[in-house]
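Okay, here's what each chain looks like letter by letter:
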Amino acid sequence: SSKPEKQGEKEASSGDVIMKKDLTIASSADIASLDPQGHNDTKSERVSCLLFNKLFKLNTDFKVVPDLAEKWSQPSDTEWVIKIKEGVKFHDGTEMTANDVKFSLERSLTQPKVQHVLSGVESIEVVDNYTVKIKTKSAFAPFLYTLVHAGASILPQAYVESGDNFAKTIGSGPYTFVEWASGDKVVLKKNEAYFDADNMGQMETITFRVIPEGTSRTIALETGEVDIVEELQTIDMSKVEENEKLALYTKPSTTINYFGMNNEKAPFDNQLVRQAMNYAIDKQAIMTVAVNGAGIEAKSVLAPTILGYKESNYAYDPAKAKELLAAVGYKDGLEISLWASGDERKRIAEVIQANLLEVGIQANIEMFEWGTYIDKLMKGEHQSFVLGWSSNPDPDATLTPLYYSESIGGMNFSRTNDKKVDKFILSARGELDLDKRVATYNEFHQYIMDKAPIAPLFVKNNVVGANAGLKDVELSPQGLWNIEKIHY
Amino acid sequence: MLKYILRRLLMLIPVMMGVTFLVYFIISLTPGDAASIILGDGATEEAVIELREKMGFNDPIILQYTNYIKGLLSGDMGISYDTGKNVSTEIIARFPNTFKLTVIAIFLSVVISIPIGVISATRQYSIFDNIGMILALVGISMPTFWIGLMLIILFSLNFSFFPSGGMDGWKSLILPAFTLAIASTAGITRTTRSSMLEVIRQDYINTAKAKGVSRKVVIRKHALKNALIPAITVIGLEFGVLLGGAVLTETVFAWPGIGRLMVQSIQTKDTPMVLGCVIVFALSFSIVNLIIDILYAYIDPRIKANYS
Amino acid sequence: MGEKLLEVKNLKKYFHTPKGLLHAVDDVSFSIEQGKTLGLVGESGCGKSTTGRVILRLLEATDGDIYYKGQKIRDLNSNEMRNLRKEIQIIFQDPFSSLDPRMTVSEIIEEPIRLHKLITNKNERFERVLELMELVGLSERLINTYPHELDGGRRQRIGIARALSLNTKFIVCDEPVSALDVSIQAQILNLMKELQAQLGLTYIFITHDLSVVNHFSDDIAVMYLGKIIEKASAEELFNNPIHPYTKALLSAIPRPTIDKKVKKIILKGEITSPINPECNCRFANRCNFTEEICKMKEPSLEEVISNHFVRCHLFKG
Amino acid sequence: MNNKVLEIENLRIQYVTDDGTVEAVNGINICIDKGKTLGLVGETGAGKTTTALSILRLIPHPPGKVVSGFIKLEGLNIMDLSEKEMEKIRGGEVSMIFQDPMTALNPVICVGDQIAEAIHIHQNVTQEQARQKAKEMLEMVGIPGARMEEYPHQFSGGMKQRVIIAIALSCSPKLLIADEPTTALDVTIQAQVLELMKELKEKFQMSMLMITHDLGVVAEVCDEVAIMYAGRIVEQGTLIEIFTNTKHPYTQGLFHSIPNIDDRKAKLIPIKGLMSDPYNLPKGCSFCNRCNYAMTICETQKPEKIEISDTHFVACHLYKDNLDFQLRQ
Amino acid sequence: MREKVEVINTDLKKKKEDLKKKAKKRSQIADVWKRLKKSPAAVIGIILIIIFILMAVFANYIADYQTDAIKMNVVNRLQSPNKDHWFGTDEFGRDIFARIVYGTRISLFVGLISVGIALTIGGTLGAIAGYYGGKIDNMIMRVLDVLLAIPTILLAITIVAALGASIMNLMIAVGISNIPGFARVVRASVLSVKDQEFIEAAKAIGARDHTIILKHVLPNSMAPIIVYATLKVATAIMATASLSFIGLGVAPPTPEWGSMLAGGRNYMRDSMHIVMFPGLAIVLTVLSLNLIGDGLRDALDPKLK
Ligand SMILES: Nc1ncnc2c1ncn2[C@@H]1O[C@H](COP(=O)(O)OP(=O)(O)OP(=O)(O)O)[C@@H](O)[C@H]1O
Ligand SMILES: Nc1ncnc2c1ncn2[C@@H]1O[C@H](COP(=O)(O)OP(=O)(O)OP(=O)(O)O)[C@@H](O)[C@H]1O
Ligand SMILES: [Mg+2]
Ligand SMILES: [Mg+2]
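From first to last, the protein sequence lines are chains C, S, H, A and P.
With our numbering as the guide, the letters of the first sequence map in order to residues 4 to 491.
With our numbering as the guide, the letters of the second sequence map in order to residues 110 to 417.
With our numbering as the guide, the letters of the third sequence map in order to residues 1432 to 1748.
With our numbering as the guide, the letters of the fourth sequence map in order to residues 311 to 639.
With our numbering as the guide, the letters of the fifth sequence map in order to residues 20 to 324.
Treat the hints with caution; some may be incorrect.
Beyond 10 Å from chain S on every Cβ pair, some chain A residues (computed) [stated by the list, open to error]: (1) 331; (2) 393; (3) 428; (4) 435; (5) 445; (6) 461; (7) 509; (8) 515; (9) 553; (10) 570; (11) 591; (12) 594; (13) 603; (14) 632.
Part of the chain C face toward chain S, derived, beta carbon under 7 Å [unchecked claim]: (15) 125; (16) 190; (17) 217; (18) 372.
It should be emphasised that the hints constitute simulated quantities derived from the structure, not laboratory data.
Cβ coordinates follow ideal geometry from the N, Cα and C atoms, glycine included.
When you get a sec, could you build the whole thing from the sequences and use the hints?
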């Protein structure tokens, strides 16, 4: 299921082959920063990926593949020796060396937004001009996955130290920086001197345009003002599909939406109640209402594309839910508060609210503004909530922050505090043998879904609308990918 | 006159102090922790605590505020908590866009509403008058984003007259400016109409007619100038409303203005950025109103006499 | 000689304006005997109304003393002043704007009685209102009408009834008839005279209409730019005006007769601004008899003939 | 040769409002000879201003409406003219001065321009010449020409009224309508302005319609007087006839209401009651409910015009059968 | 001479009793109402508003809250207007008609209360500033200038962010941001009244300041305030729509016009009815309030008969 499905296979009629050499991509929000270590969001990452290289990168199947790295080895459980390709040039023509690598990775530890990415690293040594040795604090299986994060991009040390503050950003990627009009657009130009001839940029220029409103994005695509809409509003999927000139791409993402419960507070401190919730919620209805069906039902705490996934067997069964509730003594129903933030989560909450009403639970929705929401969730003031989580390909990147007991007060909003869960997480993290790791995770899934700290809802599809004339549009679970390869 | 302007400009200082203080204070009331925002999702508790100490977030509000003001007075608006960008650079990049949009919108609504108001007044209770007033009312009763989306569907999608959003060329200005203008049109039209009605009953209008001045000239030369005075006040106030209302228009039309920046910054509790935005809002609002007051003096010699 | 009911000494009222200090009332002194009428005449803006208002403490004086029955009005605290208001009242020029447009006739007349709790019983109060209305000649079917539904004459009667609703002894009449048609004006003037005779009222009668003041007042003070420039009994003033301004004023009245034409004295300019006036005779630049001294020095108010005071350099003692 | 500058015949004007119809002017006849001044005297609401405005065809419409009658200016019936032609007459042939100088000038246009505008419209001159002429006019009414750049608020009431006079006279009109031109002014200023108007009237050989409620003013400037009551002219005659041979009880009432400045002991004899509700005028003589001489016929029948002399007539039943009837003194 | 009082030879006392009764009968409200009735536009406005009020009061009889207004029915989602659903259904399959009917309660309430808040606070400040003038005036107005210079939306967002998104807080937020406007209008209006002679007349009869403000100044400065208030009720309803647009509306599933409109905007291209009907409801309410406001302004002016 990892091949992008191009739905409604259509080619622009051969008569009018489009010869455009510039690509405009509509995205819903502006990038936060051009410094790849100054942000931690997908919009910015998409741009930094074109401007910078990392030692490794993910392919569309979510596998780690080398980017700058030429060879790597693991002398011990905690040591990684990586040699980068020779002759990689930054946009200003200077060559990339191991010093830049050491500098970049060390810098990432000091940058607030990304200091967590390589927090497992103990030290970095320059072995020779093109080789570095990285020591981790402990055996850390998903280490290579951390290196694909934008925060681990390799920056030109000289440039960064010049204090330009990324005003005229210089990287090594397939595209060079031209302009960033805050709130409006980012313009990139093809890097003719890119080191990787196989992955050269295809279009002369790429423009990322910010169009916050969904309907406006679709219309811009329809009028041809933009070539690709990276987050197509799901209600408009059929419109794009039916339009001769447009093509629709969808692919399940790694973003899992879940109904979270505060495991420390009644009534959700009771496992049976939590299980009842898993039966009471009609995931299909949620998907229909929230994303117009563009997703797949979620059956565990992670997206199916993620390593070691194993689904649970909860199904929509209000009768069962009632039964369970009755068993714990909530025959006459109960009242809970349900928190949400943002438009989509509001819709999800509304469906949940309606579902719960059927089993005799009155859920009062409280809406918060995003910053407040997260803050209050961290403080554990909630009873239940709706949230999404987009994860790295490595399961640990989800499980530790979300279910590890020490993350309570952080992202562990369900406040899961279970010795066994902790043990699973720790042992899987240190397990370097892939099969064993997968087995541990399989078992973990079973265990945690029985505990049911949350009720998984659905995994949203990435939905991209594009001009039908565009070729090589590929989606990865993270969304629009390999932008440098897209062309008319 | 110059003295008056200077005095007014000086008056801005306490107002700005008040504005910044109030906003600083309200934001500090909102839940959410700046340190964890700066650090982002993956931050550890220790890092948060450390940063909080370092940035002085544990200090009393007043102290934090005075520190901010000290920075401000030396021209430093601070660094965005959220993006690490320099607030003043960011605002300088964004504000002109909003300003341009607002000014064009005001211009449009003046161009639309003054003639309607005048004609309505001169033909009080006629069909034109009634329809004009009802349209004006319908104008204010439609939410901005709704009008915006309708205009996009109509003029970008169906007729491809104008781009659906973004900011290149004058064409992209038309729809957002028009959307923004519609709401203020009602107020200005109604004020123009009522002050015009007031003015055409004045004796000097009769004097002018008795001189043999033709009807059109009476309206244009004698009545309009007098009727403009209250209308201008409303225009000044509307300017503030528009500045504030630009948020929605900017969102719908992907206009990279300061309204969107502000809302976004509030949501991330990016205090320096919010304050930066508010300061330019408040400043431009106050300055526009100062300009309006100066305009009065030009239109109305009686007021001019008071200023000097 | 009757007893002095009201005495004003060196009264001053200055207003702060953007252009400077406006001397609206500048060192005015006079006194009124019980049951008499003092006429205060002068051109628009000379400070007549301000004088009236300051006496009633609707405006606070800048300087000077006001004695009512020997009591210093300016020293009263707000409660004592409120008590005093039962005795001293005012009737305004514009019978429209001086009546609250949202109150009916009976409410307007009743209000002072109610505020001062003179009559607490509602029915009795109502009787009193009807009584007052009859006194000033208002038909009782008007109790429920609003002022705007009535003509100027009737409105002014309401104002009079209101002024009389308390234990009124003294009334400042600020141009009570100048907004009315002559036919109505005569009705009101007669009414006020009657009331004076009946109730022993004392009036200050402010007007710019000399023919009215002549008819109405016992004594007349002529004001010019905040100062009293001539003061005498009405008879004396009209028979023997001394100050050039008074003379001009008297001659300028249009007389509704065709036989006795009076030669008009046409004054040159217009009233000068009362803001920061210079220290000279304030009439100097319009006067047909200006001499050097007029432009140098401010004349003082002198008793030229017994009980006839004039402020002019040309007439001294 | 026709020497009549203005002839109004049987003019009837109504204001139709939601509350009813006001018969503001009810069949009046006026005529003014060249160089003569007619005084139109009456109480508030008598219809004086309405009459004046009708001569310029400036009655606000709606609610105002000329129901019947015609107005001739030097023999030309203005009721037939187009709006364009009317604009030529306004300010050119006929000028009007309004009651309140405080509000009759446009506050935002400098006085010079306000005078020049009239000149520019009616005389075939350039803007510059018009302004030059305006300056001369200003000087003629006794205001330094240098002040023509100033605005009305910088002028006192008397000066404003003079500016208005300057505007009115700037095109040497044949007829000047003065609607209570001095009511809002102080007596000393009033005397100045009246003096000036008399002078200028002589100089320009104008006819004048002087509207006022002040019999003193009438005595000073008018040749003829028309007394108006509730939309009708109840008595009309030369100045001497009206003042010495007062016929109508209303006219007499007016005289008795004025305090006599030369006899301060004289008692005022007011006219009793109030003017009738204009929406609801009595069927017979409008004055009958206030009249001391009222007879039964007065309540039911409108009085006819009765000629006392060639120039003097009165509309009153008292004289119907007895031309020599004398009012009680 | 005194006007003769018509004396009728019946029992005088009885007549006075009658008069007294009559005196009570003629209240100002009745008078205003009489005048208001004369304006067709105002009457239309009143009828519309009454319909809305009736809808709010009798919502229970028109539609069932549980089964129509908030019950989800995914199968029936996004239906165009039809026999069963007069105004169609929304993205949850809820009946839009029922939601609009129930929404009347919230929207009118939000509009009225937030304007009430602004009017009381702003009005008091404005009246004090206008009546006393001088330093007090200057101080109050400068403080309000500060509030005025802060964009409404920011004030609203921060208040809602600080206090949470509930109907109450929404009303407070919209209310507070309207304070300076009301203060200005009231002040201007008070200023125009305070120099009239009848205020001086009230002082002269010994009325105290607060009596004067409450009984004389405010009733006479009501007209512009009422007009402004009706306008602002409209804007307040719209403000809730704007706040919903940025995700801070009332808590779901409460039907409220603003949030219906904002929430339905993604669907407007295919299912116009989702935004059309709530939009129409807002337009009609605003329109009728404004018509009433205009009518009231004239009716409240006793001089305009
Ligand atoms: N509240 C005030 N503030 C400033 N100046 C004032 C005020 N009240 C009156 N004046 C000024 O004081 C002077 C005297 O005014 P006042 O009203 O007493 O004159 P008046 O003789 O009654 O004139 P009128 O005949 O026009 O009523 C005028 O120049 C007036 O402009
Ligand atoms: N625009 C109007 N609408 C309705 N009625 C009007 C209008 N103008 C005048 N009237 C009425 O017509 C009648 C005559 O008014 P007009 O103004 O001619 O009287 P006037 O004699 O000039 O009175 P004044 O001495 O007050 O100027 C009055 O009853 C007045 O109420
Ligand atoms: Mg006065
Ligand atoms: Mg008139």
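So, going through the hints one by one against the coordinates:
no. : hint : in the structure
1   : 331  : holds, 18 Å
2   : 393  : violated, 7 Å
3   : 428  : violated, 4 Å
4   : 435  : holds, 14 Å
5   : 445  : holds, 17 Å
6   : 461  : violated, 4 Å
7   : 509  : holds, 22 Å
8   : 515  : holds, 21 Å
9   : 553  : holds, 31 Å
10  : 570  : holds, 34 Å
11  : 591  : holds, 26 Å
12  : 594  : holds, 35 Å
13  : 603  : holds, 39 Å
14  : 632  : holds, 44 Å
15  : 125  : violated, 16 Å
16  : 190  : violated, 12 Å
17  : 217  : violated, 10 Å
18  : 372  : holds, 6 Å
The structure fails to meet hints 2, 3, 6, 15, 16, 17 from the earlier list, while all remaining hints are met.
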